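Engineer: Below are the chains, spelled out letter by letter.
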Amino acid sequence: MIFPTVGVNTLTDYKGHSLLPERDAEQRPVLEIQGLGIDFGGLTAVNDFTITLGPTEISGLIGPNGAGKTTVFNLLTKVYQPTRGTFYLDGKDTAGMNTVQVNQAGIARTFQNIRLFDKMTVEENVKIGLHRDIHYSLGGALFHTPFYRKAEKRAHERALELLDIFDMADFAYAQAGSLPYGAQRRLEILRALATDPKVLLLDEPAAGMNPSETSDLMEAITKIRDTFKICILLIEHDMNLVMGICEGIAVLNFGQIIAKGTPQEIQSNPQVIEAYLGRKKEA
Amino acid sequence: MNTLMKMTKSNMNQYKRSALWSYGITIAGFVIVSIMVSAGLISNSLQGQLVPICAYISLAVSLNLVVGISGELSLGHAGFMAIGAFSGVIAATLFQSLPFLWVKLVIAILVGGLFAGVAGVIIGVPVLRLRGDYLAIVTLAFGEIIRNVLNVIYVGLDEKGLQVSTSMDGIHLSEQGSMILNGPMGATGVTKLSTFFAGFLLVMFTLFVVLNLINSKHGRAIMAMRDNRIAAESVGLSATNFKMTAFVTGAILAGMAGALFALNYSTVAPVKFNFNTSIFILVFVVLGGIGNITGSIISAAVLTILPEALRQFSDYRMLTYAIVLIIVMLATNNPQLKALTAAASKQFKAKFSRTRVYKRPQKADEEMGGTK
Ligand SMILES: Nc1ncnc2c1ncn2[C@@H]1O[C@H](COP(=O)(O)OP(=O)(O)OP(=O)(O)O)[C@@H](O)[C@H]1O
Ligand SMILES: [Mg+2]
Chain L
56 MIFPTVGVNT LTDYKGHSLL PERDAEQRPV LEIQGLGIDF GGLTAVNDFT ITLGPTEISG
116 LIGPNGAGKT TVFNLLTKVY QPTRGTFYLD GKDTAGMNTV QVNQAGIART FQNIRLFDKM
176 TVEENVKIGL HRDIHYSLGG ALFHTPFYRK AEKRAHERAL ELLDIFDMAD FAYAQAGSLP
236 YGAQRRLEIL RALATDPKVL LLDEPAAGMN PSETSDLMEA ITKIRDTFKI CILLIEHDMN
296 LVMGICEGIA VLNFGQIIAK GTPQEIQSNP QVIEAYLGRK KEA
Chain C
88 MNTLMKMTKS NMNQYKRSAL WSYGITIAGF VIVSIMVSAG LISNSLQGQL VPICAYISLA
148 VSLNLVVGIS GELSLGHAGF MAIGAFSGVI AATLFQSLPF LWVKLVIAIL VGGLFAGVAG
208 VIIGVPVLRL RGDYLAIVTL AFGEIIRNVL NVIYVGLDEK GLQVSTSMDG IHLSEQGSMI
268 LNGPMGATGV TKLSTFFAGF LLVMFTLFVV LNLINSKHGR AIMAMRDNRI AAESVGLSAT
328 NFKMTAFVTG AILAGMAGAL FALNYSTVAP VKFNFNTSIF ILVFVVLGGI GNITGSIISA
388 AVLTILPEAL RQFSDYRMLT YAIVLIIVML ATNNPQLKAL TAAASKQFKA KFSRTRVYKR
448 PQKADEEMGG TK
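Protein chains in written order, with my numbering: chain L, 56 to 338; chain C, 88 to 459.
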């Protein structure tokens, strides 16, 4: 298969659909989503979803309940195969890839309804994310060879380093399922991060967190972007978080993008206020 | 919140701790029984059970790898045991001129494991694409197919070499030749090679392989796949590879145990490896606790001895056996009893270990209600 490389054409295209035309304009986009859509039976859950994300931007995807936000993430991670459209990761067409391949290509995610390996320890959850970075054969595993020892020791240290991002190294050996809700969400972010992604998708990372946890999380997300130099796309209903850290925002309503732009533009967009922000205040 | 979340670090990982228990119990059991045997404290009929007990422990531990660790209900474990048994017997006969008994036994066990492993790959490819009940039914079918195929296999050996056929008429042996496998009659005239010590070593080997596998990146991937397939795939792990690793390793170990088992008798018929045997092994795993390796060791040993110990009830033996099983199952699933043992083990842990079990605070549960 010939992968389309990002040439002049795509770059202009990128400027046209980008959430942030100025920022990263010189760099090639890491994620180009083109006309992505999916139907469930008669229901069009997502339609003509087109955005482009730069390699180190933090972007937000917002919209009312049932707008199709999580479905977009499921499309980007190939939990669902799209009915229409495709997306390019680092210039590579992802058509035909499955969930595993898309992660290996560089997209990692968290889940709205947390999906940790509950019965395993916190450290092991992170180590599972590190799996492809731990190198020893099945023989090494069965006989615990020196290779095994060395690689496991490195993985252990790397896991603790990652846990340090959220000050969680102290309960590396706690059962993941026994953690408080907020800590479970943070652990899921670390597990995704462990796979060394280019794009990190966070589905409602602040859900269930109290205001102080949320503000810590905002700081951490920015820190993660700065340290790992990755693109972060997040779904969130907490407007303080979204407006506080997202550089670009796309608004989804009934599966359709109704607005794209900077937080200021979004906040003053009458369509968005009508469909989402206004209604939110009444509630 | 942060102060609530503090917890003491454990200095040994949970797998190492449970591995020590498994090895410890096996070694202690072997030493105690050996002493009792030499002191003449164990009846002849029970002594005859020592090798089968070792074989059943290996079978239970290897099935636990498939059912407990990998999370796939396999109902055909006796099929792999059968392949290991008969290929092991053939290998032992082929190499009967070798000098040492234990060399022949080791070769037979390795050959048994190899053939069962090959069968594991062949069966695993289609079966592991299935889920849940379907997988269980298909493994059951494969187990029965293996037994039925063995029912029509005739193998003879003379100075010209091995002869294999699906009927007695297909085999033409010379004067010095002899039959190894006789279809439904199975293997006859087997030289007894297995010893209690060999059985003990096989159990130790099985534990070594299974426990090491669990405590490795492969084992973590296998358990991740079991606990949450979508999450595991989202971090780049593909399901069939790891399920296959567990399934084939389980098959190899079952084959080795089968060879040990068969070489303990002078005759072994395919009917010994029917669906009942698969279910018996599964009962060991379930009673010992799914995913609990130490539990599998204890329950396989106890439940193999039990029918022997219940001999005095003669006619009511199997009835008593069934009643004991039901009582144990009810007891282990009784919430009050569970709470009681949990409380006891918590106290024990608080006193003797530095590990703490983290309890989710009430508040976190309330927060959870706020979102969907
Ligand atoms: N597998 C599916 N089969 C049928 N319909 C689906 C499926 N997945 C999602 N939908 C529908 O697609 C629409 C979008 O759902 P989605 O979960 O993406 O919304 P959302 O924007 O994430 O909402 P929320 O903010 O509540 O999480 C909903 O109407 C939902 O019922
Ligand atoms: Mg959602």
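Calculated from the structure, these hints are not laboratory results.
Every value quoted in this text rests on a predicted model; they were computed, and no experiment measured them.
Positions of the beta carbon are idealized from the N, C-alpha and C atoms, including for glycine.
Some clues are possibly wrong.
Below 20 Å or equal to it, Euclidean Cα-Cα: the simulated DMTMM-like pairs (lysine to aspartate or glutamate) are [claimed, not checked]:
1) LYS174/L with ASP314/C
2) LYS284/L with ASP103/L
3) LYS315/L with ASP293/L
4) LYS103/C with GLU212/L
5) LYS103/C with ASP145/L
6) LYS284/L with ASP173/L
7) LYS315/L with ASP103/L
Covered, in the sense of this in silico footprint (three residues per stretch, anywhere, with C-beta under 8 Å from a C-beta of chain C), are these stretches of chain L [as the list claims (entries may be wrong)]:
8) 169-180
9) 191-197
10) 294-306
11) 312-318
Engineer: Now look at each hint and say whether the structure bears it out.
Structural biologist: Now for the hints, and whether the structure bears them out:
1. Distance hint between LYS174/L and ASP314/C is fulfilled; the C-alpha atoms sit about 8 Å from each other, no more than 20 Å.
2. Among the hinted pairs, LYS284/L with ASP103/L is inconsistent with the structure: their alpha-carbon atoms are about 28 Å apart, more than 20 Å.
3. With a C-alpha separation of about 18 Å, the suggested pair LYS315/L and ASP293/L falls inside the 20 Å cut-off, and the hint holds.
4. The straight-line distance between the Cα atoms of LYS103/C and GLU212/L is roughly 18 Å, inside the 20 Å bound, and the hint therefore holds.
5. The suggested pairing of LYS103/C with ASP145/L is violated, with an alpha-carbon distance near 42 Å, which exceeds 20 Å.
6. Only pairs whose Cα atoms come within 20 Å are accepted, and LYS284/L paired with ASP173/L is rejected, the gap being roughly 29 Å.
7. A C-alpha spacing of about 14 Å is found between LYS315/L and ASP103/L, which places the hinted pair at or below 20 Å, so the restraint holds.
8. Beta-carbon proximity to chain C at under 8 Å applies to 8 residues in the stretch 169-180 of chain L; the threshold of 3 is reached and the given coverage holds.
9. Requiring three or more residues with a Cβ within less than 8 Å of a Cβ of chain C, the coverage given for the stretch 191-197 of chain L holds, as 5 such residues are present.
10. Restraint check on the stretch 294-306 of chain L versus chain C: 0 residues with Cβ-Cβ distances below 8 Å, three needed, restraint violated.
11. With a threshold of 8 Å between beta carbons, the proposed coverage of the stretch 312-318 of chain L by chain C is violated, since 0 of its residues qualify and at least three are required.
Hints 2, 5, 6, 10, 11 from the list above are not met by this structure, while the remaining hints are.
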